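If you read the sequences in order, they're chains A and B.
Each number in our numbering comes from the position in the first sequence (counting from 1) with 9 added on.
Each number in our numbering comes from the position in the second sequence (counting from 1) with 1040 added on.
Among these hints, one or two may not hold up.
Said to hold, decoys possible - Okay, derived cross-link-like pairs now, BS3-like style, lysine-lysine, Cα gap no bigger than 27 Å in a straight line:
(1) K1446(B) x K34(A)
(2) K1336(B) x K41(A)
(3) K1431(B) x K1336(B)
(4) K1456(B) x K1409(B)
In short, the hints are calculated from the structure, not lab data.
Remember, predicted model here, so these are calculated numbers, not experimental data.
Chain residues, written in single-letter form:
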Amino acid sequence: MISKEDLEHLAQISRINLTENELEKFPTQLEKTIEYIDILEQIASDDSVTLDLHELEFEELRKDEIRISDEKQLGKNITEDGFLRGPKMK
Amino acid sequence: MTKLDDLLAYEVVEGLTEGQFTAEDYVTTIIKRIERVEPKVHSFITLDTDGALSSARIIDKKIKEREDVGQLAGVTIGIKDNISTQGIRTTCASKILENYVPTFDATVIRSLKVNGAILLGKLNLDEFGMGSTTEYSRYQPTRNPWNLDCVPGGSSGGSGAAVAAGECTIALGSDTGGSIRCPSSFCSVIGLKPTYGRVSRYGLISYANSLEQIGPICRSVRDLVMMLNIISGKDALDNTSMSSTPISIPSRINKLNVGIIRELITDCDQEVAKLIYSASEKVKEIGCSCEEVSIKNLHYALPSYYTLASAEASSNLARYDNIRYGFDYPIGEYKWDTYFSNVRENFGEEVKRRILIGSYVLSSGYYGKYYLKARRLRSLLKLELLELFKKYDLLIGPTMPILPFKFGEKIDDPIKMYLVDINTVIANLAGIPAISLPVGFSNGLPVGMQIMAAPFEEQKLIDASYELEKVINIPRRPNSI
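Isolated chain A, as found in the complex (with noise of 0.2 Å):
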């Protein structure tokens, strides 16, 4: 059962606004898509290992040098001395 304080905690944790239609339709759009994903319980727990996706494929780690980025690969917002300028905050 997701009831709107529950939604209104999700969306704090999650830093989301949700408007009025949402925060009328999320409770029971949610609830649905948690009673779907309840299957799952049905699968055993088991500590043994979780398979990898694949066998990556580690060759040598590259040398602990520093590279120089291209600053403007940071996108907006630098500033002339290469910082990246946030908002205000009070």
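Starting from the known structure of chain A, fit chain B onto it as the hints suggest.
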């Protein structure tokens, strides 16, 4: 001679290098087709026709000067708009990235450019790749070229529709739970989700990074092979990528043992089942054996997928905090919590739902109940499939359990929407390659057959698909648009 906008990719390369036509003429023809068709289909979010013509002239000059033009010389390609393209807006069909212009190309884009491909523009998708119909795009829905009242599938709906409608010769999509294969099936084109790790994800804007792969969408197996070989390969910028053997067009194929997945056939619409059974007869006709098999853990696959994908989405989309990319708010004073929440209100409904579910399944008290169980199921499913692949070379079934449906039919019920992915998520969970091949129509609506193989066994997929393509003759272009 075939019209320039109907040519397959390998025909374009042959025609250009033999001097039958110029790249500029070919690209101009494609652009004229886009002008006629795009107002009906709406495949593109961003078009770069000037850039495309400029690239075409460069190709023509290189051909004239007998320089190497690359294996995809001059071929027009559309790119799903969650793949980074330097200097070209990349929105993920979201309002959050409405003005985001990447400063770098994805690795796959660099590989395509080096091989002479011409980027036409960025193709529509469900926002951040979350959806199966392209209805969740924050820009406009794309329409199925075979029936404009129907969805083209998703999330790479723009890619499937554009190739089907002749707006580009080939396209790239991405596939997290079926997002290449679904639109390929619904739009009667060929689409491949490669083995996880075959293609670099560097530059693919993440939704669920343990599940997704970039892959090709096109109209012939030969084109698919060209594209796959160009975009495959180990990449230092993606440490989940692996080296792989290039694929070749077979001259003859060995007898392949094929299993048709019982659960997928019995649970799909009758019209779909009929066409798949008919296609399975063609599988026998090309010299393969075909018998029914069962996948024991199949009914857990979709709940597991949505648990894992939502969990990863909630983490991957946490970066949209309006610091590095987003909206131009004035600098002045904000409160810590409300700043981020206000910005992120701009996600669409489906994205919000998945982030919230992701937060839920990862939270204390629920993590063991959902997320860890889903991870466990993933291992069990993969083990089961690897066991089947010891006996069978390929596993087949319908790509989609239903025919393409009308707009709005499923959008109000998320579970109804999720259920359309039931056949395709298996391959993403297990990391195995899967192709969707068009096999026919029911009342004018396309049906695709899905073929899956063991990890890195794309050659077997290609072997079967190449032979099947010869015996299943279906129109690749709707005449109506």
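Quick rundown of the hints versus the structure:
Using a Cα cut-off of 27 Å, the hinted pair K1446(B) and K34(A) holds, with the two alpha carbons roughly 23 Å apart. Using a Cα cut-off of 27 Å, the hinted pair K1336(B) and K41(A) holds, with the two alpha carbons roughly 24 Å apart. Distance hint between K1431(B) and K1336(B) is fulfilled; the C-alpha atoms sit about 16 Å from each other, no more than 27 Å. Under the criterion of a C-alpha separation no larger than 27 Å, the hint pairing K1456(B) with K1409(B) is consistent with the structure, at around 23 Å.
When each numbered hint is compared with the structure, no violation occurs for any of them.
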